[in-house]
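S.K.: Sequence:
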Amino acid sequence: MQEELEPLEDQVFPIHNRSICFMCKKKMKMKRSRSLSPKASSSEEDMKRIKFEENEKANDIIIHPHILDFSDDVLLNIFKYLNPKDLMAISLSCQRLAQIAQDKTLWRRVDFRATPILLDDLKEYIKFLQPITTSLAMRGDLYCENDAELSPYFLNSVKATCTQLKELIIEEYCINADKIQITDFPSTIEKLSLEGCKMEHLRSNKSYFFKMNFHMPNLTCLILSNCEWFTPHSLLVISKMPKLKELRLNSCHRLGECVAYTSLATRFGFKTLEILDLRDTALGDSEVGCFSCTKTLTHLYLECPSSLRNTESPDSESRPLQREPLNQHPVYEDRNLAQKLSTCYKLKSRTFSFKCIESRTSGCKWHICYKTRC
1 MQEELEPLED
11 QVFPIHNRSI
21 CFMCKKKMKM
31 KRSRSLSPKA
41 SSSEEDMKRI
51 KFEENEKAND
61 IIIHPHILDF
71 SDDVLLNIFK
81 YLNPKDLMAI
91 SLSCQRLAQI
101 AQDKTLWRRV
111 DFRATPILLD
121 DLKEYIKFLQ
131 PITTSLAMRG
141 DLYCENDAEL
151 SPYFLNSVKA
161 TCTQLKELII
171 EEYCINADKI
181 QITDFPSTIE
191 KLSLEGCKME
201 HLRSNKSYFF
211 KMNFHMPNLT
221 CLILSNCEWF
231 TPHSLLVISK
241 MPKLKELRLN
251 SCHRLGECVA
261 YTSLATRFGF
271 KTLEILDLRD
281 TALGDSEVGC
291 FSCTKTLTHL
301 YLECPSSLRN
311 TESPDSESRP
321 LQREPLNQHP
331 VYEDRNLAQK
341 LSTCYKLKSR
351 TFSFKCIESR
361 TSGCKWHICY
371 KTRC
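Going by this note's numbering, the first residue of the sequence shown is number 1, and it counts up by one from there.
Honestly, I wouldn't trust all of these hints.
Unchecked claim - Each pair of labels, with its calculated beta carbon distance range:
hint, residue 1, residue 2, range
1, Asp-73, Thr-183, 39 to 45 Å
2, Lys-85, Thr-105, 31 to 37 Å
3, Leu-118, His-201, 18 to 24 Å
As the list claims (entries may be wrong) - No farther apart than 25 Å at their CA atoms in a straight line, the calculated lysine-lysine pairs in the BS3-like style are these:
hint, residue 1, residue 2
4, Lys-166, Lys-191
5, Lys-245, Lys-166
6, Lys-271, Lys-211
7, Lys-179, Lys-245
8, Lys-191, Lys-295
9, Lys-271, Lys-245
10, Lys-295, Lys-271
11, Lys-123, Lys-206
12, Lys-104, Lys-166
13, Lys-159, Lys-295
14, Lys-159, Lys-191
15, Lys-191, Lys-123
16, Lys-166, Lys-240
17, Lys-191, Lys-179
18, Lys-240, Lys-211
19, Lys-104, Lys-243
20, Lys-85, Lys-51
21, Lys-191, Lys-245
22, Lys-166, Lys-271
23, Lys-271, Lys-198
24, Lys-51, Lys-80
25, Lys-179, Lys-211
26, Lys-271, Lys-191
27, Lys-206, Lys-179
28, Lys-159, Lys-123
29, Lys-191, Lys-243
30, Lys-179, Lys-198
31, Lys-211, Lys-243
Since the hints were derived computationally from the structure, they do not count as laboratory data. Cβ coordinates follow ideal geometry from the N, Cα and C atoms, glycine included.
Kindly produce the complete structure, drawing on both the sequences and the hints.
M.R.: This is the structure:
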């Protein structure tokens, strides 16, 4: 019996006054190795952590949505409320937004007049214009003379790209008449505005609008407000426009003492003219009376020039302008006439008093500010 136990005694190892058999020691080594090695449960914890992070991201998306989470249709509807400058800025952010910002439906009516745009900056927007662009409006800055001059390259690019352009509005730019003629503008336009533009190198023997009636046969609206370079003899050329309905020449201070040109223009031209704006010009009774030949005229705007409005005789320098209230005048109406004083005061000085009368006669509406001697 003792001989059989001897091998077992050889397999027993004393540890801290305690005996451990070989099999127990082996099992303990296996457990210790498992505890030191990566556990299988650690992968489960990693999966739980990943799922938790994904849930956090999902909750964050719900609470704080990103603009790229919207569909292209939703983004397109949002972009319709942005101006061209904002659209161009968004197009530089990422490729997806750039594709949406260049959608042709966003560039049918383009208006850059919110802030002045120099010509060098305007070249960056040409690539956004589309063949279906029907309206293009822009405003420059005449104080920047070097960068405010309109170039033939820009007009040629617009003509080549915007083949269906109907409305062209160019404000406060400098135009060199030697480089850009009226025939260089798109021939498809129906509305042209050169409000506040400065013209250089004009020819004295020929109007800038020469042959305009042949080049723009569909033009119905011409706006030349605050154009100091407009001369009376240009009325003859403009009167030949076959479809012209609206002409605005307000604040064209060179208009005045042109009975001959006005008489010829109204007698043989302006066959379709309906709206005429002559406010803040030096046209007198004789010139205005010539437009009585224009049977299609429905709206006429007249106003005393600002330069004459504030002039007073030397004797009245010590007497300031006074506002005297007027009695409320009744409005007389019948089938043909409705007339009333549209202001509640008159400006009275030593020599002149200014009144404003609004009248409607047979569907014709007149806004007239006139002066009378006291």
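S.K.: Are Lys-271 and Lys-191 close enough, with their CA atoms no more than 25 Å apart?
M.R.: Roughly 18 Å between the alpha carbons, so the hint for Lys-271 and Lys-191 holds.
S.K.: Assess, step by step, whether the Cα of Lys-104 is no farther than 25 Å from the Cα of Lys-243, and give holds or violated.
M.R.: violated (30 Å)
S.K.: Would the hint linking Lys-191 and Lys-123 be met if the CA-CA limit is 25 Å?
M.R.: Holds, at roughly 23 Å.
S.K.: Between the alpha carbons of Lys-51 and Lys-80, is the straight-line distance 25 Å or under?
M.R.: violated (39 Å)
S.K.: For the range 31 to 37 Å, tell me whether the beta carbons of Lys-85 and Thr-105 fit it or not.
M.R.: Hint violated: Cβ distance 18 Å, outside 31 to 37 Å.
S.K.: Quick check: does the Cβ-Cβ distance between Asp-73 and Thr-183 fall within 39 to 45 Å?
M.R.: Given about 43 Å between the Cβ atoms, the range holds.
S.K.: Could you grab the alpha-carbon distance between Lys-295 and Lys-271 and see if it respects the 25 Å cut-off?
M.R.: holds (8 Å)
S.K.: Check the hint pairing Lys-191 with Lys-179 against an upper bound of 25 Å on the C-alpha distance.
M.R.: Satisfied, since the Cα-Cα distance of roughly 22 Å is no more than 25 Å.
S.K.: For the pair we were handed, Lys-159 and Lys-295, check the Cα-Cα distance against 25 Å.
M.R.: Violated, at about 35 Å.
S.K.: Against the 25 Å threshold, does the CA-CA distance of Lys-240 and Lys-211 hold or violate the hint?
M.R.: This hinted pair holds, its Cα atoms lying about 9 Å apart.
S.K.: Between Lys-159 and Lys-123, is the straight-line Cα distance small enough, at 25 Å or below?
M.R.: Within the cut-off at roughly 14 Å; holds.
S.K.: Are Lys-245 and Lys-166 close enough, with their CA atoms no more than 25 Å apart?
M.R.: holds (15 Å)
Hint compliance for this structure: hints 2, 7, 11, 13, 19, 20, 23, 24 are not met, and every other hint is.
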